[in-house]
Amino acid sequence: MAPDNASLIFKITPRAPWRAAEAAGRFTGAPVDLADGFIHFSTAGQVAETAAKHFAGQADLLLVAVRTATLELGLLRWEVSRGGALFPHLYGPLPLDAVAWVRELPLGPDGRHRFPPDIFPSSEEG
792 MAPDNASLIF
802 KITPRAPWRA
812 AEAAGRFTGA
822 PVDLADGFIH
832 FSTAGQVAET
842 AAKHFAGQAD
852 LLLVAVRTAT
862 LELGLLRWEV
872 SRGGALFPHL
882 YGPLPLDAVA
892 WVRELPLGPD
902 GRHRFPPDIF
912 PSSEEG
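For the sequence shown, position 102 (counting from the first letter as 1) is numbered 893 according to the numbering used here, and the numbering increases by one without interruption.
What the hints contain is simulated information worked out from the structure, not anything from laboratory work.
The structure displayed is predicted, hence computed values, not measured ones.
No residue lacks a Cβ here, since even glycine has one placed at the ideal position from N, Cα and C.
Take these hints with a grain of salt, some might be off.
Between beta-carbon pairs, the in silico distance windows are [claimed, not checked]:
(1) R817 / P900: 28 to 38 Å
(2) P900 / G816: 14 to 24 Å
(3) L866 / P900: 34 to 44 Å
(4) P897 / G874: 35 to 45 Å
(5) A814 / D901: 29 to 39 Å
(6) P884 / G836: 18 to 28 Å
(7) P900 / V823: 22 to 32 Å
(8) D901 / G816: 31 to 41 Å
Produce the entire structure from the sequences given, and follow the hints as far as they go.
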């Protein structure tokens, strides 16, 4: 079951797979997604920890926001992962018309990723 506030979910991806997706008209996943058989996403409340855990120090990343309401029913599953939290996993390609926006995900001087502040619930920081 999806969290009530998860109208947008987020994908962190290196630039190259995303540019290939733009050319193809759909995103089939980064190498880790292809290996796992689904596309990994995070909610706004999970995405900063995802970046720190799986993308620490990596530059040239993009943050992709996806509208959950536009995804094909049954392909998006909320599954228990890190620490028992529910994470969104997409079992199929991501159609680009479900993408709300794509933004750079730069590294700050401290080596941590700098997220757009407007994606976080008001009680969290990026």
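Beta-carbon spacing of D901 to G816 - inside the hinted bounds 31 to 41 Å or not: 37 Å, holds
Outcome of range test on Cβ distance (L866, P900; 34 to 44 Å): Taking Cβ atoms as reference, L866 and P900 lie about 39 Å apart, which means the hint holds.
Range agreement (Cβ of D901 with Cβ of A814, hint 29 to 39 Å): 34 Å, holds
R817 paired with P900, Cβ distance criterion 28 to 38 Å: Given range 28 to 38 Å: holds, Cβ gap about 36 Å.
Consistency of beta-carbon spacing, V823 to P900, with hint 22 to 32 Å: 27 Å, holds
Beta-carbon spacing of P884 to G836 - inside the hinted bounds 18 to 28 Å or not: 26 Å, holds
Assessment of proposed distance window 14 to 24 Å (beta carbons of P900, G816): Distance hint for P900, G816 is violated at roughly 37 Å.
Supplied distance hint 35 to 45 Å, evaluated on CB atoms of P897 and G874: With a Cβ separation near 27 Å, P897 and G874 fall outside 35 to 45 Å, so the hint is violated.
Going down the numbered hints, you'll see the structure goes against 2, 4, while the others check out.
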